[in-house]
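Student: Each residue of the sequence shown is one higher than the one before, counting from 819 in the working numbering.
Rather than coming from a laboratory, the hints here were simulated on the basis of the structure. Careful, some of the hints might be misleading.
What the hints assert, rightly or not - Dumping the calculated DSSO-like pairs for lysine-lysine here, alpha-carbon to alpha-carbon at most 30 Å: (1) Lys919 <-> Lys876; (2) Lys951 <-> Lys859; (3) Lys859 <-> Lys876; (4) Lys859 <-> Lys834; (5) Lys919 <-> Lys951; (6) Lys943 <-> Lys876; (7) Lys876 <-> Lys951; (8) Lys834 <-> Lys943; (9) Lys919 <-> Lys943; (10) Lys876 <-> Lys834; (11) Lys859 <-> Lys883; (12) Lys859 <-> Lys919; (13) Lys951 <-> Lys883.
What the hints assert, rightly or not - Derived Cβ-Cβ restraints for the label pairs, each shown as a range: (14) Ser851 <-> Trp824: 18 to 28 Å; (15) Gly962 <-> Leu827: 44 to 54 Å; (16) Asn994 <-> Gly858: 17 to 27 Å; (17) Leu987 <-> Glu910: 13 to 23 Å; (18) Gly878 <-> Glu823: 15 to 25 Å; (19) Gln913 <-> Ile846: 33 to 43 Å; (20) Gly833 <-> Leu987: 37 to 47 Å; (21) Asp920 <-> Asp835: 41 to 51 Å; (22) Gly878 <-> Leu837: 13 to 23 Å.
This structure is a prediction, so every number in the text was calculated from the model and none was measured. Cβ atoms here follow ideal geometry from the backbone N, Cα and C, with glycine treated the same way.
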Amino acid sequence: MGRTEWLRLYGLLVGKDELASDLFDEQITYLDSVSAEATGKSVAFFYISSAGNAVVRKNGDYVTKMIELAGGEYAFADLGGDDTATGSVNLEMEQFYSEAKDADFIIYNSSIDGEVRTIDELLGKSHLLADFKAVQNGNVWCTGKNLFQETTEFGLLISDMNQIFAENLDTTAALNFLYRLR
């Protein structure tokens, strides 16, 4: 929630500290509503680069921490290293396949190369994805294209993830940052 807490500083700078605190507290409320129990569900968060590589987040990155807070287990738990300042790593599709094919959920990060709307569009990026457990079970999700511009609402994103991982979706309500590919 450190990224969201910047909201308080901005509020202070523009004389809206009470409003900023209220908005921050709202995100804490979303976070507090998340079950603290791990779901035991594994999650791969990635996108396919124009070169055909899978780009995944390093273990310990803030995205992987949000997955953990939401009750998921990041599929690339052993992928880390501080050799670069970036939070992501390019993987050849063979390595990505071997490490993520059995993930219970996959979340495609469309904030980089544009949104995909269907499973067929996703499979157009790599036919290997058709063999993934999550694809076969219908647990394929996509982020909105503005995910990283919404840092003031990460509590809500974690709540969305938790609803998916805990399989506690209200079928009448839309999620705020994620949508299911069909």
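Student: Taking the hints in turn, state whether each one holds.
Tutor: Evaluated hints:
{"no.": "1", "hint": "Lys919 <-> Lys876", "verdict": "18 Å, holds"}
{"no.": "2", "hint": "Lys951 <-> Lys859", "verdict": "12 Å, holds"}
{"no.": "3", "hint": "Lys859 <-> Lys876", "verdict": "18 Å, holds"}
{"no.": "4", "hint": "Lys859 <-> Lys834", "verdict": "40 Å, violated"}
{"no.": "5", "hint": "Lys919 <-> Lys951", "verdict": "6 Å, holds"}
{"no.": "6", "hint": "Lys943 <-> Lys876", "verdict": "22 Å, holds"}
{"no.": "7", "hint": "Lys876 <-> Lys951", "verdict": "22 Å, holds"}
{"no.": "8", "hint": "Lys834 <-> Lys943", "verdict": "45 Å, violated"}
{"no.": "9", "hint": "Lys919 <-> Lys943", "verdict": "15 Å, holds"}
{"no.": "10", "hint": "Lys876 <-> Lys834", "verdict": "36 Å, violated"}
{"no.": "11", "hint": "Lys859 <-> Lys883", "verdict": "14 Å, holds"}
{"no.": "12", "hint": "Lys859 <-> Lys919", "verdict": "13 Å, holds"}
{"no.": "13", "hint": "Lys951 <-> Lys883", "verdict": "23 Å, holds"}
{"no.": "14", "hint": "Ser851 <-> Trp824: 18 to 28 Å", "verdict": "22 Å, holds"}
{"no.": "15", "hint": "Gly962 <-> Leu827: 44 to 54 Å", "verdict": "25 Å, violated"}
{"no.": "16", "hint": "Asn994 <-> Gly858: 17 to 27 Å", "verdict": "24 Å, holds"}
{"no.": "17", "hint": "Leu987 <-> Glu910: 13 to 23 Å", "verdict": "34 Å, violated"}
{"no.": "18", "hint": "Gly878 <-> Glu823: 15 to 25 Å", "verdict": "19 Å, holds"}
{"no.": "19", "hint": "Gln913 <-> Ile846: 33 to 43 Å", "verdict": "37 Å, holds"}
{"no.": "20", "hint": "Gly833 <-> Leu987: 37 to 47 Å", "verdict": "40 Å, holds"}
{"no.": "21", "hint": "Asp920 <-> Asp835: 41 to 51 Å", "verdict": "47 Å, holds"}
{"no.": "22", "hint": "Gly878 <-> Leu837: 13 to 23 Å", "verdict": "33 Å, violated"}
Comparing the model with each earlier hint shows violations of hints 4, 8, 10, 15, 17 and 22; every other hint is respected.
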